[in-house]
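> Sequence:
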Amino acid sequence: MSYEQSHLYRLRHSAAHLMAQAITELFPGVKLAIGPPIENGFYYDVDPPKPIKEEDLEKIEKRMRELSNLKQPIVRLEAKDRDEAKEIILSECTLGQGEDTALYKLQLLEAVPAGEAVSFYDQKATDKQGQERRFIDLCRGPHVENTSEIKHFKLMSLAGAYWRGDVKNKQLTRIYGTAFETKEDLELYLHNLEEAKKRDHRLLGRELGLFMFSAKVGPGLPLWLPKGTVLREVLSDFLKQQQLERGYDGVVTPNIASIRLYEKSGHVQTYRDKMFPFMEDEEKETFILKPMNCPFHIEIYASQMHSYRDLPIRLAEFGTVYRYEQSGELAGMLRVRGFTQDDAHLFVRPDQLLEEFKGVVDLMMVVLKKLGLTEYRVRVGTRDPSSDKYVGHDENWQLSEAAIIQACQELGLEFEVSPGDAAFYGPKLDLIIKDALGREWQMGTVQVDYNLPERFELEYIGEDSKPHRPIMIHRAPFGSLERMIGLLTEQYAGAFPFWLSPVQVAILPIADRHVAYAERLATMLRGYSKPGWQPEGEGADATPPSLPFDGALRVHVDDRRETLGKKIRENQRMKIPIMLILGDNDIENGTVGIRSRETGDLGAKPLAEVFKMLEDLQGE
RNA sequence: GCCGAUGUAGCUCAGUGGUAGAGCAGCUGUUUCGUAAACAGCAGGUCACCGGUUCGAAUCCGGUCAUCGGCUCCA
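If you read the first sequence in numbering that gives the first Met the number 0, its first letter stands for residue 0, the second for the next number, and so on.
Simulated from the structure, these hints should not be mistaken for laboratory data. Treat the hints with caution; some may be incorrect.
What the hints assert, rightly or not - With a Cα cut of at most 30 Å, we get these calculated BS3-like pairs of lysine-lysine:
| id | residue 1 | residue 2 |
| --- | --- | --- |
| 1 | K79 | K49 |
| 2 | K263 | K215 |
| 3 | K196 | K167 |
| 4 | K52 | K196 |
| 5 | K368 | K196 |
| 6 | K169 | K215 |
| 7 | K153 | K61 |
| 8 | K263 | K368 |
| 9 | K273 | K433 |
| 10 | K369 | K388 |
| 11 | K611 | K196 |
| 12 | K263 | K273 |
| 13 | K368 | K52 |
| 14 | K388 | K182 |
| 15 | K79 | K52 |
| 16 | K239 | K167 |
| 17 | K61 | K196 |
| 18 | K368 | K465 |
| 19 | K197 | K49 |
| 20 | K197 | K433 |
| 21 | K197 | K52 |
| 22 | K465 | K433 |
| 23 | K239 | K369 |
| 24 | K388 | K263 |
As the list claims (entries may be wrong) - Ranges of calculated distance between the beta carbons of each label pair, as one might list FRET restraints:
| id | residue 1 | residue 2 | range |
| --- | --- | --- | --- |
| 25 | E244 | I37 | 12 to 20 Å |
| 26 | L192 | Q303 | 14 to 22 Å |
| 27 | Q4 | Q128 | 37 to 45 Å |
Quick caveat, the model's predicted, so the values are computed rather than measured. For glycine and all other residues, C-beta sits at the position ideal for the given N, C-alpha and C.
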């Protein structure tokens with residue numbers, strides 16, 4: 000049974016009504032808009048006569064409990080026709096608080112499809128003082144049978160939300176709440192929410208020394224710390240290797256460009272409010288900070304003649320772009336103003352489009368698998384026919400939308416089509432992944448573009464010796480390093496897999512006299528002095544171990560004068576996958592104590608055995 | 001940008017009109033230690049910033065900035 004058909008869903012819908020009833024009692028004259036159940040609860044959008052503050056939530060919640068205890072039966076009513084529905088809205092639903100309180104409900108009535116029944120849900124009871132308490136709302140339903148069923152709920156937060164989601168409309172007050180069938184379920188949900196907050200990449204980013212923000216640098220402009228930089232580099236190296244295997248060519252382009260480039264591409268016209276302020280040089284030439292890499296790659300393509308035999312041409316760049324996101328939209332590393340896309344642009348012939356598109360999707364799947372991301376949604380963003388923000392010919396839009404859908408079908412990919420989620424120049428396929436708090440973010444993306452090749456009059460010479468227009472595929476499997484690393488931090492709760500961990504091995508000398516040995520071991524594991532190293536100490540000479548692989552591990556020696564317990568605790572908190580513990584016994588016996596982040600103490604083992612374990616870990 | 005909230009030491013937080021506090025981190029000293037926090041001492045703050053009310057403001061009021069939860073928008 001789907002969530003929408005469940006009792007819980009009905010319960011939450013009814014909880015929204017109960018909240019609305021409490022609000023109409025506490026804020027007479029409030030205009031009610033909509034109040035649906037959502038994934039983890041419900042909300043109601045209201046337009047109150049005076050602002051609702053967070054401290055009001057407690058009062059509303061208290062009033063809801065009182066109304067719940069009145070055991071109001073919830074009854075469905077159906078209007079005979081629209082006139083009667085309108086009559087009910089204006090008389091009953093307003094509860095004597097004035098006809099203008101029905102403002103949004105009347106608009107909702109107009110939106111009910113012609114053939115559909117117009118229903119209301121009515122809840123009422125008489126309280127101890129003999130007063131009738133009543134609430135009736137235009138609603139499709141269904142609901143639970145009695146308000147007394149709504150017992151385990153909590154109001155969560157306040158927000159502004161535009162009527163019908165349109166910035167041009169009035170901003171209403173949205174009140175979020177959640178409700179469950181049992182006390183235990185509610186408590187579990189709240190507990191899980193607290194746990195999820197501990198996985199927040201903003202918290203872990205600071206604790207683990209990955210990245211930071213500084214008010215002096217500016218909002219949305221991250222500073223990458225040494226350990227976060229390792230994540231960037233390891234991820235980049237992995238993708239570069241994949242791209243090398245798949246015939247991509249790397250390019251590097253500047254961070255600013257003449258505005259003329261972006262006028263030609265159409266970005267200035269459609270993207271201007273997302274660009275940082277323009278800058279002018281002494282010759283009055285205007286430059287802009289680049290919001291997208293594509294025009295540069297196009298210039299590279301256009302710089303020479305191409306034969307149909309050269310195609311596809313795949314130009315890849317980890318390109319840093321700057322977009323002036325609205326201040327309220329910034330969200331740690333998941334939404335910043337300067338970020339690096341793992342970008343590439345493929346210039347392909349029409350007969351190559353499908354295969355190349357599929358190749359890109361295949362690469363994205365390889366990336367997801369490597370990163371251990373299994374929970375994701377594939378969204379095909381198409382044009383919203385009613386919007387004018389798109390550029391390009393209708394037939395090209397149809398061709399590219401068809402190509403994307405065909406590719407998905409041939410790959411057996413589960414996907415959903417989402418009109419209005421296309422880029423302004425073409426449709427796209429996006430990977431959507433949730434963060435720790437359940438919010439969805441667009442990660443990897445592939446976009447088909449007929450428009451830019453046309454604007455820049457790109458050509459290749461075909462078999463027929465005549466010029467033809469290539470098609471472009473824009474793609475970024477990670478999306479951006481910032482967003483991907485922020486998200487991975489939450490996915491792993493900071494405990495990155497071995498291959499990705501900024502520090503893979505921490506060596507913990509027990510006392511000062513073991514530090515030199517620890518340093519030598521670290522040097523060896525880093526791969527610096529592979530031949531010729533021997534451990535010190537008696538017994539060790541009998542079995543001089545050699546590193547059975549290239550090393551290249553990221554090793555840190557914790558040489559602080561602290562107790563072993565403290566070092567273990569702190570390295571565990573830093574989520575280091577492997578700790579190697581060295582003391583007199585180890586030096587004497589040619590062993591080392593090994594401790595795993597996941598399973599704890601594994602005991603002392605001969606160096607050769609430890610090396611083998613590390614080699615295996617590195618190979619995974 | 002808009003709605004709501006928050007802002008005290010590097011971090012986590014206490015302090016509701018009367019001399020700015022704790023733990024951790026840092027520094028110094030002692031301890032040289034075998035699997036999740038040794039001991040002692042010291043130092044550290046224009047209470048985000050600007051203005052106002054007051055004899056007196058971390059505390060009350062106004063503005064600004066940043067951050068957080070949403071809306072809109074997006075990699």
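> Against each hint, give a clear statement of whether it holds in the structure.
Outcome of the hint check:
1. Simply put, K79 and K49 have alpha-carbon atoms about 36 Å apart, too far for the 30 Å limit, and the pair is violated.
2. Pair hint K263 plus K215 does not hold up; C-alpha atoms about 35 Å apart against a cutoff of 30 Å.
3. At most 30 Å may separate the alpha-carbon atoms for a hinted pair to count; K196 and K167 exceed this at roughly 34 Å.
4. Distance hint between K52 and K196 is fulfilled; the C-alpha atoms sit about 24 Å from each other, no more than 30 Å.
5. For the given pair, K368 sits about 25 Å from K196 by alpha-carbon distance, which is consistent with the 30 Å threshold.
6. Taking the CA atoms of K169 and K215, the gap is near 35 Å; set against the 30 Å cutoff, the hint is violated.
7. About 10 Å separates the Cα atoms of K153 and K61, which keeps this hinted pair within 30 Å; it holds.
8. As the CA atoms of K263 and K368 are separated by approximately 38 Å, the hinted pair breaks the 30 Å bound.
9. Distance check on the hinted pair: K273 and K433 sit about 24 Å apart at the alpha-carbon level, within 30 Å; holds.
10. A distance of roughly 36 Å separates the Cα atoms of K369 and K388; the hinted pair therefore is violated under the 30 Å criterion.
11. Using a Cα cut-off of 30 Å, the hinted pair K611 and K196 is violated, with the two alpha carbons roughly 37 Å apart.
12. Distance check on the hinted pair: K263 and K273 sit about 17 Å apart at the alpha-carbon level, within 30 Å; holds.
13. Of the pairs offered as hints, the one joining K368 and K52 is violated, with about 45 Å between alpha carbons and a cut-off of 30 Å exceeded.
14. Restraint check for K388 and K182: not satisfied, since their Cα atoms lie roughly 48 Å apart, outside the 30 Å limit.
15. Taking the CA atoms of K79 and K52, the gap is about 40 Å. The hint is violated against a cut of 30 Å.
16. Under the criterion of a C-alpha separation no larger than 30 Å, the hint pairing K239 with K167 is inconsistent with the structure, at around 44 Å.
17. As the CA atoms of K61 and K196 are separated by approximately 27 Å, the hinted pair is consistent with the 30 Å bound.
18. Distance restraint check for K368 and K465: the Cα-Cα separation of roughly 43 Å exceeds the 30 Å cut-off, and the hinted pair is therefore not satisfied.
19. For the hint linking K197 to K49, the alpha-carbon distance of about 36 Å lies beyond 30 Å, and the restraint is violated.
20. Between K197 and K433, the direct Cα distance comes to roughly 16 Å. Compliance with the 30 Å bound is thereby established for this hinted pair.
21. Under the criterion of a C-alpha separation no larger than 30 Å, the hint pairing K197 with K52 is consistent with the structure, at around 27 Å.
22. Proximity of K465 to K433 is assessed by CA-CA distance (about 48 Å); at most 30 Å being required, the pair is judged violated.
23. A C-alpha spacing of about 14 Å is found between K239 and K369, which places the hinted pair at or below 30 Å, so the restraint holds.
24. Note on K388 and K263: the hinted pairing holds, with a Cα-Cα distance of about 16 Å set against a maximum of 30 Å.
25. For the pair E244 and I37, the beta carbons lie near 43 Å from each other, so the given range of 12 to 20 Å is not met.
26. A hinted range of 14 to 22 Å for the beta carbons of L192 and Q303 is inconsistent with their spacing of about 56 Å.
27. Checked against the hint of 37 to 45 Å, the pair Q4 and Q128 passes, with Cβ atoms roughly 39 Å apart.
The structure fails to meet hints 1, 2, 3, 6, 8, 10, 11, 13, 14, 15, 16, 18, 19, 22, 25 and 26 from the earlier list, while all remaining hints are met.
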